[in-house]
Amino acid sequence: MLQALGTDLARTVTMPVDDSTPEETAVGRIFDETENVHKLRHYFPLYERFLTGTERLLEIGVDRGGSLRMWRQYLPDAVIVGLDINPKAARHDDPDDNVHVRIGDQRDAGFLQTVLDEFGPFDTVLDDGGHTPKQMIETFQYLFPRLKPGGIYIVEDVCANYWTLYRDQSESFIDFTKWLMDAMHAPYMGLKSVYQLMEGHPKRARRVEVPFAATIIDSVEVFDSFVVVHRSDKPKRLARAVYR
Numbered sequence: 178m179l180q181a182l183g184t185d186l187a188r189t190v191t192m193p194v195d196d197s198t199p200e201e202t203a204v205g206r207i208f209d210e211t212e213n214v215h216k217l218r219h220y221f222p223l224y225e226r227f228l229t230g231t232e233r234l235l236e237i238g239v240d241r242g243g244s245l246r247m248w249r250q251y252l253p254d255a256v257i258v259g260l261d262i263n264p265k266a267a268r269h270d271d272p273d274d275n276v277h278v279r280i281g282d283q284r285d286a287g288f289l290q291t292v293l294d295e296f297g298p299f300d301t302v303l304d305d306g307g308h309t310p311k312q313m314i315e316t317f318q319y320l321f322p323r324l325k326p327g328g329i330y331i332v333e334d335v336c337a338n339y340w341t342l343y344r345d346q347s348e349s350f351i352d353f354t355k356w357l358m359d360a361m362h363a364p365y366m367g368l369k370s371v372y373q374l375m376e377g378h379p380k381r382a383r384r385v386e387v388p389f390a391a392t393i394i395d396s397v398e399v400f401d402s403f404v405v406v407h408r409s410d411k412p413k414r415l416a417r418a419v420y421r
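Remember, my numbering sits 177 above the position in the sequence shown when you count from 1.
All the pointers check out, no bait thrown in.
Simulated pairs of lysine-lysine, DSBU-like, Cα-Cα distance not exceeding 30 angstroms:
no.: 1; residue 1: Lys369; residue 2: Lys355
no.: 2; residue 1: Lys216; residue 2: Lys355
no.: 3; residue 1: Lys311; residue 2: Lys265
no.: 4; residue 1: Lys325; residue 2: Lys216
no.: 5; residue 1: Lys325; residue 2: Lys355
no.: 6; residue 1: Lys411; residue 2: Lys325
no.: 7; residue 1: Lys369; residue 2: Lys411
no.: 8; residue 1: Lys311; residue 2: Lys325
no.: 9; residue 1: Lys413; residue 2: Lys355
no.: 10; residue 1: Lys355; residue 2: Lys411
no.: 11; residue 1: Lys369; residue 2: Lys380
no.: 12; residue 1: Lys411; residue 2: Lys311
no.: 13; residue 1: Lys265; residue 2: Lys216
no.: 14; residue 1: Lys325; residue 2: Lys413
no.: 15; residue 1: Lys311; residue 2: Lys413
no.: 16; residue 1: Lys311; residue 2: Lys355
no.: 17; residue 1: Lys380; residue 2: Lys411
no.: 18; residue 1: Lys369; residue 2: Lys413
no.: 19; residue 1: Lys413; residue 2: Lys380
no.: 20; residue 1: Lys311; residue 2: Lys216
Beta-carbon label-pair distances, calculated as ranges:
no.: 21; residue 1: Val190; residue 2: Gly377; range: 45 to 53 angstroms
no.: 22; residue 1: Glu201; residue 2: Met366; range: 43 to 51 angstroms
no.: 23; residue 1: Asp401; residue 2: Ala181; range: 17 to 25 angstroms
no.: 24; residue 1: Glu200; residue 2: Ser370; range: 40 to 48 angstroms
Think of the hints as simulated: they come from the structure by calculation, not from any bench.
Heads up, the beta-carbon is just placed ideally off N, CA and C, and yes, glycines get one too.
Whole structure, please, built from the sequences with the hints as guidance.
Printed below as a string of structure tokens:
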């Protein structure tokens, strides 16, 4: 990795801990008043950027229930659904407050489908579950194609992929994220030049064969420990170039 960065970017410097006052956000204020929740503080502006307006939120990883209460307060009109493998998390189920908890393995496609059948489609999925690459990747592979068109899929704490405790395979979710970006660009891989995209050009391609992912991934955003994948609101088509 360091060699690929080049001399200037790879040189070693000291990074101090951040004890500065965090940017004030509504999510941050709710977090400060909520017990039994753990988050990296730089996530709060990202939550406000991406979760505002969510109608159906699926959070993977309930743990002590604090985040469900946080989302309930921040998204008062949304359906909030939490998944956890620990049966003790069921105590946070509160259907009267439109907060629902289901117990199961996030890698179990059958379990995920029962949740989708009961509460879906979700416009936002937030994976804060087991934090292993296998869990992150396999859960994404099943849920993203079933996400509501125009929805977003967030995987947080991808920093855990760099820690031996969580690394259960050689491929990390960061590696998988690169593959998602490659899939998004798959329409261009079989072309020879920009002329095949150019409006009115005799060599313009009329169609290409691509993986399904290429038709539904609108964009991929990567932040510190936080990945956001946007699903397009309708099937994407081959790009058109205009030359004037």
